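Peer 1: Spelled out from the first residue to the last, the chains are:
2 protein chains.
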Amino acid sequence: MSLIFACQDVPPAPWIAALGKALPEAEIHVWPDHGKVEEVEFALIWGPYAREMKRFPNLKAMMSLGAGVDHILEQVDRPMHVPVVRLIDPGLKTGMVEYVLYNVLRYHRRMPDFEQQQKKALWIERSQATPSERRIGILGLGEIGLACAEALNRLGFDLIGWSRTKKEILDVGCFYGDETLKPFLSQSSILICLLPLTPETEGILNKATLAAMPAGSYLINVGRGGHLVEGDLLDALNSGHIAAATLDVFREEPLPKDHPFWRHPNVTVTPHIAALTLPQTAAPVIADIIERVRAGRKVPGMIDPAVGY
Amino acid sequence: MSLIFACQDVPPAPWIAALGKALPEAEIHVWPDHGKVEEVEFALIWGPYAREMKRFPNLKAMMSLGAGVDHILEQVDRPMHVPVVRLIDPGLKTGMVEYVLYNVLRYHRRMPDFEQQQKKALWIERSQATPSERRIGILGLGEIGLACAEALNRLGFDLIGWSRTKKEILDVGCFYGDETLKPFLSQSSILICLLPLTPETEGILNKATLAAMPAGSYLINVGRGGHLVEGDLLDALNSGHIAAATLDVFREEPLPKDHPFWRHPNVTVTPHIAALTLPQTAAPVIADIIERVRAGRKVPGMIDPAVGY
Chain A
9 MSLIFACQDV PPAPWIAALG KALPEAEIHV WPDHGKVEEV EFALIWGPYA
59 REMKRFPNLK AMMSLGAGVD HILEQVDRPM HVPVVRLIDP GLKTGMVEYV
109 LYNVLRYHRR MPDFEQQQKK ALWIERSQAT PSERRIGILG LGEIGLACAE
159 ALNRLGFDLI GWSRTKKEIL DVGCFYGDET LKPFLSQSSI LICLLPLTPE
209 TEGILNKATL AAMPAGSYLI NVGRGGHLVE GDLLDALNSG HIAAATLDVF
259 REEPLPKDHP FWRHPNVTVT PHIAALTLPQ TAAPVIADII ERVRAGRKVP
309 GMIDPAVGY
Chain B
9 MSLIFACQDV PPAPWIAALG KALPEAEIHV WPDHGKVEEV EFALIWGPYA
59 REMKRFPNLK AMMSLGAGVD HILEQVDRPM HVPVVRLIDP GLKTGMVEYV
109 LYNVLRYHRR MPDFEQQQKK ALWIERSQAT PSERRIGILG LGEIGLACAE
159 ALNRLGFDLI GWSRTKKEIL DVGCFYGDET LKPFLSQSSI LICLLPLTPE
209 TEGILNKATL AAMPAGSYLI NVGRGGHLVE GDLLDALNSG HIAAATLDVF
259 REEPLPKDHP FWRHPNVTVT PHIAALTLPQ TAAPVIADII ERVRAGRKVP
309 GMIDPAVGY
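As you go down the protein sequences, you meet chains A and B in turn.
Residues in the first sequence are numbered from 9 upward in steps of one, following this note's numbering.
Residues in the second sequence are numbered from 9 upward in steps of one, following this note's numbering.
Chain A extracted, bound-state conformation:
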């Protein structure tokens, strides 16, 4: 049995080390090396490699290195009979919770105002809302959205969430379906996008939906760049309707040097680091997926290609 590691811009060494420990019996190849084609049973993919997997006749699963699988599903010339699995990596969930908490607290506590004041040596206290006075909207209530909701809940924030299908979550005001999207957005003074990217969610953050948010509200996009119509956000920021935005994902990554987001005073850019899949926490999850697929057991994170997550 061999596993192929086909991941763009990911240094393979720590992965080879961690996978070697978690899967001592497996042979591991780093793309474009692949050893004997008939021995490749599993692939770990990040980037446009799914179509290349057609050459492996015994491939049993394509695993995404992250929580998103859009980079695999968009390759419709991939081997369509091979199941696609996303990693439900506890390290990745931890990272996303940290990033979301950090950015919610940054806006909640008006830290951008204090950053500006420091530049001018200005000592001005600002009025402060309590967390229960701050309503936060979570767009996408999957594994990660739920973990973020729990962490924000413990800090006392007032939470609402939106999902495509009906969910019921303790202490979260749940909205579902297209017709509730605008009422949900109209109450979200800080909006966190944690949706998967599918044809239904592409461009979901656009002129009309941004306009539905309260005046002076904040956006945190940790979903995918494709969720956001970038020019519409710039307009909403420039009019002041959206006070500020933190963006970790972009339509083009790396974000081009001349993109206006880099220099906008009310945009915070991070280079797709909200949640890194860490070899030390992900390798045991990968080993578990492989064991389950081989035994024909239920696999957590198995994708339904019809819905896209």
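It should be emphasised that the hints constitute simulated quantities derived from the structure, not laboratory data.
Source: prediction; values computed, not measured.
Treat the hints with caution; some may be incorrect.
For chains that are exact copies, the list does not tell them apart, and a pair is met inside one copy or across any two.
As the list claims (entries may be wrong) - In silico SDA-like links for lysine to any residue, alpha-carbon gap of 20 Å or less:
#1 K306 x I132
#2 K127 x M88
#3 K174 x V301
#4 K174 x P20
#5 K101 x S140
#6 K190 x A34
#7 K128 x P262
#8 K128 x P279
#9 K265 x W131
#10 K127 x N274
#11 K29 x V18
#12 K29 x E60
#13 K128 x N274
#14 K128 x E260
#15 K175 x R300
#16 K175 x P32
#17 K128 x D266
#18 K29 x T217
#19 K68 x L81
#20 K128 x V307
#21 K127 x T276
#22 K127 x A252
#23 K101 x R162
Given the coordinates of chain A, work out where chain B should sit on it, guided by the hints.
Peer 2: For chain B alone, coordinates are given in the frame of chain A:
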């Protein structure tokens, strides 16, 4: 019965409103107004007013508007027979937990690096530690230190704490007493100072103790300005031994315009806003203190002037 509100730089209107609701039977005066001296039974103090309270013969308690009481205890010409009480305000604890979480996550997730990168439109991922790989030291394990420890614990950080007297706290490696201070500091890659200011803790963050911290570590001071020898921190920052510091409290407040902290690239300054005592959460606590003092019951937050907290 009347209550006097003697607080420097605190707009009284929201306090009058909140106290009026919580104590409908009390008369409230804003210093220097005080009505009939013999009717003043309680004082709410922030700033150098304790000595002025000698004129009220029936004063039963002096309450600090915040968690610190150093501004009262340092006035040794105050009416020494009157008990001093600090507010254990849930809103204040909430605020401090938010501020500490925000700043720990900022350093843990290397956000200052990403802030610098954005200025240059640089897209560079950075390696990321897991929270269990990050040991955080909490200096001071009182009510607020404990609340911060709990919140950081839930995020998976590796926690140690130091206090003057022995404490035992689940999932926190506890150090106590002077001789353990340096071993404690030597393991704190992010140090949070939450101590009360007393003669024993004055200047506790100095050349020797900062040198005991690991190279490249971070300091968050939310105790009092008097804990820190400011020149020693500047030296430790300039040598790179301390990577960065976030300071909310200073020896002189407001921090003077020409103070080097304002312009140091690795110092974050906030204007003593880590935990604001909010009228809406504090007024019921004040009402409870008054009721307990009048009934001769145990008062949470009562100060022992011999230890200073």
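Peer 1: Evaluate each hint against the coordinates.
Peer 2: Verification of the hints:
{"no.": "1", "hint": "K306 x I132", "in the structure": "neither (57 Å within a copy, 37 Å between copies)"}
{"no.": "2", "hint": "K127 x M88", "in the structure": "neither (55 Å within a copy, 43 Å between copies)"}
{"no.": "3", "hint": "K174 x V301", "in the structure": "neither (29 Å within a copy, 52 Å between copies)"}
{"no.": "4", "hint": "K174 x P20", "in the structure": "neither (40 Å within a copy, 47 Å between copies)"}
{"no.": "5", "hint": "K101 x S140", "in the structure": "between (24 Å within a copy, 14 Å between copies)"}
{"no.": "6", "hint": "K190 x A34", "in the structure": "neither (50 Å within a copy, 47 Å between copies)"}
{"no.": "7", "hint": "K128 x P262", "in the structure": "between (32 Å within a copy, 13 Å between copies)"}
{"no.": "8", "hint": "K128 x P279", "in the structure": "between (28 Å within a copy, 13 Å between copies)"}
{"no.": "9", "hint": "K265 x W131", "in the structure": "between (34 Å within a copy, 9 Å between copies)"}
{"no.": "10", "hint": "K127 x N274", "in the structure": "both (15 Å within a copy, 13 Å between copies)"}
{"no.": "11", "hint": "K29 x V18", "in the structure": "within (19 Å within a copy, 60 Å between copies)"}
{"no.": "12", "hint": "K29 x E60", "in the structure": "neither (27 Å within a copy, 70 Å between copies)"}
{"no.": "13", "hint": "K128 x N274", "in the structure": "both (17 Å within a copy, 16 Å between copies)"}
{"no.": "14", "hint": "K128 x E260", "in the structure": "between (35 Å within a copy, 18 Å between copies)"}
{"no.": "15", "hint": "K175 x R300", "in the structure": "neither (27 Å within a copy, 46 Å between copies)"}
{"no.": "16", "hint": "K175 x P32", "in the structure": "neither (40 Å within a copy, 44 Å between copies)"}
{"no.": "17", "hint": "K128 x D266", "in the structure": "between (28 Å within a copy, 11 Å between copies)"}
{"no.": "18", "hint": "K29 x T217", "in the structure": "neither (47 Å within a copy, 40 Å between copies)"}
{"no.": "19", "hint": "K68 x L81", "in the structure": "within (16 Å within a copy, 72 Å between copies)"}
{"no.": "20", "hint": "K128 x V307", "in the structure": "neither (55 Å within a copy, 43 Å between copies)"}
{"no.": "21", "hint": "K127 x T276", "in the structure": "both (17 Å within a copy, 10 Å between copies)"}
{"no.": "22", "hint": "K127 x A252", "in the structure": "both (18 Å within a copy, 17 Å between copies)"}
{"no.": "23", "hint": "K101 x R162", "in the structure": "both (17 Å within a copy, 13 Å between copies)"}
In this structure, the hints that do not hold are numbers 1, 2, 3, 4, 6, 12, 15, 16, 18 and 20, in rising order.
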